[in-house]
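Input sequences plus hints: build the corresponding full structure.
Protein chains in written order, with the working numbering: chain A, 2 to 419; chain B, 9 to 315.
Everything labelled a hint here was simulated from the structure, so no lab data went into it.
Quick caveat, the model's predicted, so the values are computed rather than measured.
Note that the Cβ used here is the ideal one computed from N, Cα and C, for glycine as well.
Among these hints, one or two may not hold up.
Claimed, not checked - Which bits of chain B does chain A cover? Going by a derived footprint, with three or more residues having C-beta under 8 Å, they are:
#, region
1, 12-24
2, 139-150
3, 246-254
To be verified - Non-contacting residues of chain A with respect to chain B, defined by C-beta distances greater than 12 Å in every case (computed):
#, residue
4, ASN28
5, HIS54
6, ASN107
7, GLU157
8, GLU169
9, LYS170
10, LYS172
11, GLY290
12, ALA314
13, ARG317
14, ARG346
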Amino acid sequence: MGKLRLLKIALAATTLAATMAAAHAGNLKIESWRNDDADIWNSKIIPAFNKSHPDIKVEFAPTAPKEYNAALNARLAGGTAGDLITCRPFDASLELFNKGNLTALNDLKGMANFSDVAKSAWTTDDGKTTFCLPMASVIHGFMYNKDALKKVGASEPKTMEEFYALLEKLKKDGTYVPLVLGTADQWESATMGFQNIGPNYWKGEEGRNALIKGTQKLTDAPYVATFKELAKWGPYLGSGYQAQTYPDSQNLFSLGKAAIYAAGSWDISTFRTQGNIPLGAFKAPPPAGQSDCYISDHTDIGIGLNAASKNAADARVFLDWMATSEFAEIFANSLPGFFPLSNARITVKDDVAATFLSWRGECKSTIRNSYQILSRGTPNLENELWNVSAQVINGKMSPEDATKQLQAGLAKWYKPQQ
Amino acid sequence: MIKNNARRLFLLIFFLGPAVLIYTIFSVYPLIATMSLSTFTADGSGVRHFVGLDNYLVLILDKDWREPFWNAFLNNILFFIIHMLVQNPIGIAIAGLLSLPNLKFRATYRTLIFTPTMLSVVIIGFSWNLILSPLWGISEGFLKFFGLGILFKPWLGLEGSALITIGLISVWQFVGIPLMLIYAALLNVPSELVDAARIDGLSHLRIFFSVKLPLIAPTIGLVSILTFVGNFNAFDLVYSIKGALAGPNFSTDLLGTFFYRTFFGNQLQLGSPTMGATIATSMFLIILIGVCIYLYGIQRRLERHSF
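In structure tokens:
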């Protein structure tokens, strides 16, 4: 009896010591929607951090992208959210900050490594407070199967005219589906279509800011022209593209059945791990005769500090580490297609990712025009864009009607557009 | 007498208490909380103000709320009609076949037909997406085998057919429920009546329509009202196949997906719990009215047969 009791006490003591040690070391939990990246966080990023900070335990706890916003809000309300919160760009995170869920990070040392443009997606409207550390951007463009272009003896198109000539050639040849895009998920049409080729027409930041100021309308020529391009795509898409979902598109391309893929750079990692087609990339071609080019280089991921975190000091250490070039280098190379936003000079080993990154030097960068401020009201501009872009590609709506619907919706609640 | 009353009170609490308690906590309270939430609105910092019935006026009068709301409502009615015209007749027919005497493998059929009802909706959405996929689905090849390849369309992606297709998938999923209920009712039809009809020289078909069907009318009524409530609360299948924006052009938007989008938000649209609660309450009222019409208009006229 006595022995057993002693054993129990000893056991309890060791458990207690262990839990105390754990509490002391600090456990950080990261909320994220990037469940695709869990492996890279666990095998590369966190171990690299632990090399210099062995006493801070970090856990990457992702949720499925579709459920992330709802699940995160519920966990924040219930007080069970993680210490570090991966931030969606613009209003979703701004709302979290306004509600007091995120801490202002102006005093974070690492913040100095980021430009104002990089911070814009996580800064209050007055530009004074930044509440998430910028993490990565994604760049739009087109990826292609090198074999397919070789087959028809074509090179990368430099203008929109060459682009259609190439699609026509591929269609005549018939071996490959010329262009991959599905309209079933709708966002694909808006994001990979409209936001991909559009910046060349509305001249990037110039057009984006003009919409916010109200000096341009969505019914103006650049926006109609963009939709007119999308309206031409239908005949080159895979059969039944109206019911083609995003995973269908990815599979169609990674199985080597298609030639050109309207892409976001995040797809690079998908195509590197699934299938091994010879991959190339070209930027959204400008219309003939236009010398300037513009690319969508969209601030997509940031990371913030949960205001209710019990481990804020450790979390800040981690955030500071995320602002270093060490993190940028690991991140850019383990997740080719996500481009760090810090000013650190990094080398990207993946050739396709490096191609995407090289466009930053050739063209002017802009972000998606519906993201800042313009999607705050009802009807929601982003939702409308998904809907009309899919309809234009489906041939169910004319480009003029599409822009009219967008403009009417925006003008309804946005003062500068009235 | 007093002792008797105390005893009765004790029994009342003993038997009703747990049910009342559980219903109050998990049903009545959330319902009332939702209704009260719908009378508030939130400002930028998340502080809520009481606005009375303003949210309902917005939902009914504001074009940008009214149009999606009625669109979802009409889609919901179509969804319900598909179930009433396809699911329940098929359920009744299969139940009729299963209750035939001398049927072999009865339990096997019953289990197979009921299986989809027990599958997760995510699996159902995924499987049907694959079956109907124009890229890798088997349905195009299946039609081609019969020389009908020309009939194939990307049904889930076309505005005219997406909702009907999802409706039929839902029928496939849930047909087991009317089947089970009606099958159970058919087993309760006294065999004397069936035997008498047979002696009178009636065929199986005639017995089914003239003897059995009238006797199970109350069950068919029950199945209809269950279908109605289920359909007007439907959400998951559309969400798993078409996402929260229920495309193309909102042609598959049901009240459930409209509510989800409003309450939880979508991509850049921020969720609005107060407007969401308004829609949820409206859905509750729609279902309540539907059930009342049934209870007072139809249920009372159904004759109960006692054997």
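So, going through the hints one by one against the coordinates:
1. With 0 residues bearing a CB less than 8 Å from a CB of chain A, the region 12-24 of chain B misses the requirement of three and the coverage assertion fails.
2. Residues of the region 139-150 of chain B lying with their CB closer than 8 Å to a CB of chain A number 5, which satisfies the three-residue condition for coverage.
3. Evaluation of the coverage hint for the region 246-254 of chain B: fulfilled, as 4 residues show C-beta separations to chain A shorter than 8 Å, against a requirement of three.
4. Separation of A/ASN28 from chain B is adequate, the least Cβ-Cβ distance of about 29 Å exceeding the 12 Å criterion.
5. The claim that A/HIS54 is not at the interface with chain B holds, since no C-beta of that chain comes within 12 Å of its own (minimum 35 Å).
6. Interface exclusion of A/ASN107 from chain B stands, the closest Cβ pair being 19 Å apart, more than 12 Å.
7. Distance check on A/GLU157: its Cβ is at least 26 Å (rounded) from any Cβ of chain B, clearing the 12 Å threshold; non-interface status holds.
8. At the 12 Å boundary, the C-beta of A/GLU169 stays outside the reach of chain B, the nearest C-beta of that chain being 22 Å off.
9. The beta carbon of A/LYS170 is kept farther than 12 Å from every beta carbon of chain B, the shortest such distance being approximately 22 Å.
10. For A/LYS172, the condition that its CB be more than 12 Å from all CB atoms of chain B holds, with the nearest at approximately 17 Å.
11. Remark: the non-interface label on A/GLY290 is consistent with the geometry, its nearest Cβ contact in chain B lying 34 Å away (cut-off 12 Å).
12. No beta-carbon of chain B is positioned within 12 Å of the beta-carbon of A/ALA314; the least distance is around 27 Å.
13. With a minimum CB-CB distance of about 25 Å to chain B, A/ARG317 clears the 12 Å threshold, and the non-interface call stands.
14. The beta carbon of A/ARG346 sits about 32 Å from the closest Cβ of chain B, which is more than 12 Å, so the claim that it is off the interface holds.
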